[in-house]
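A.B. asks: Take these sequences, add in the hints, and give me the full structure.
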Amino acid sequence: MCIKHIYTLRKSERLKSRKKIDRLFAEGTVISEHPVRAKYILSAEYPAIIQAGFSVSKKKFKSAVKRNRIKRLMREAWRIHCIPVKSHLEQTKTTLSIFLTYSGTDIPDYILVEQSVIKIVNRLHSIVRRNAGNIKDTENPGGQ
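Each step along the sequence shown adds one to the number in our numbering, with nothing skipped, and position 144 is 151.
Simulated from the structure, these hints should not be mistaken for laboratory data. Take the hints with a grain of salt, since some may be wrong.
Label pairs and their in silico Cβ distance ranges [said to hold, decoys possible]: (1) 73 x 34: 28 to 34 Å; (2) 30 x 116: 30 to 36 Å; (3) 69 x 91: 32 to 38 Å; (4) 41 x 83: 14 to 20 Å; (5) 62 x 98: 26 to 32 Å; (6) 130 x 20: 26 to 32 Å; (7) 99 x 69: 41 to 47 Å; (8) 87 x 137: 21 to 27 Å; (9) 53 x 112: 17 to 23 Å; (10) 72 x 99: 19 to 25 Å; (11) 116 x 138: 23 to 29 Å; (12) 19 x 91: 18 to 24 Å.
Heads up, the beta-carbon is just placed ideally off N, CA and C, and yes, glycines get one too.
C.D. replies: Structural data, given as structure tokens:
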């Protein structure tokens, strides 16, 4: 993989499907590192990719400019620090769907968001390594 293209967040890596988002919130597992909260689900799908979504509460931040700024900070931190998880998922042919939500009440600086995202990525990496062979194909349970 070219160094130039490692630190990207492509369109295919963004969680946009309403069906996948609904499934994620119904069946997902939560990791909370204040002020960022992550809900994720692992599945054995092909191709092995990470799909990430980002949100900020409209109730806590009325201004779209502030919400977009916080989402931009979370996307940047995720884009830079998700590489170890991404490489391990490619080896184990596992797909990760994750949704990061900002749960704070004031606009953070990048360092605070980055520290939370790093802790989430480290926990995810250990979970993925621990569950490498135990992930079921949830999209196609019959294996066909």
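A.B. asks: Each of the hints needs a verdict: does it hold here or not?
C.D. replies: Checked hints:
no., hint, in the structure
1, 73 x 34: 28 to 34 Å, "31 Å, holds"
2, 30 x 116: 30 to 36 Å, "33 Å, holds"
3, 69 x 91: 32 to 38 Å, "37 Å, holds"
4, 41 x 83: 14 to 20 Å, "19 Å, holds"
5, 62 x 98: 26 to 32 Å, "30 Å, holds"
6, 130 x 20: 26 to 32 Å, "20 Å, violated"
7, 99 x 69: 41 to 47 Å, "42 Å, holds"
8, 87 x 137: 21 to 27 Å, "24 Å, holds"
9, 53 x 112: 17 to 23 Å, "41 Å, violated"
10, 72 x 99: 19 to 25 Å, "40 Å, violated"
11, 116 x 138: 23 to 29 Å, "34 Å, violated"
12, 19 x 91: 18 to 24 Å, "20 Å, holds"
When the structure is compared with the earlier hints, violations turn up for hints 6, 9, 10 and 11 and for no others.
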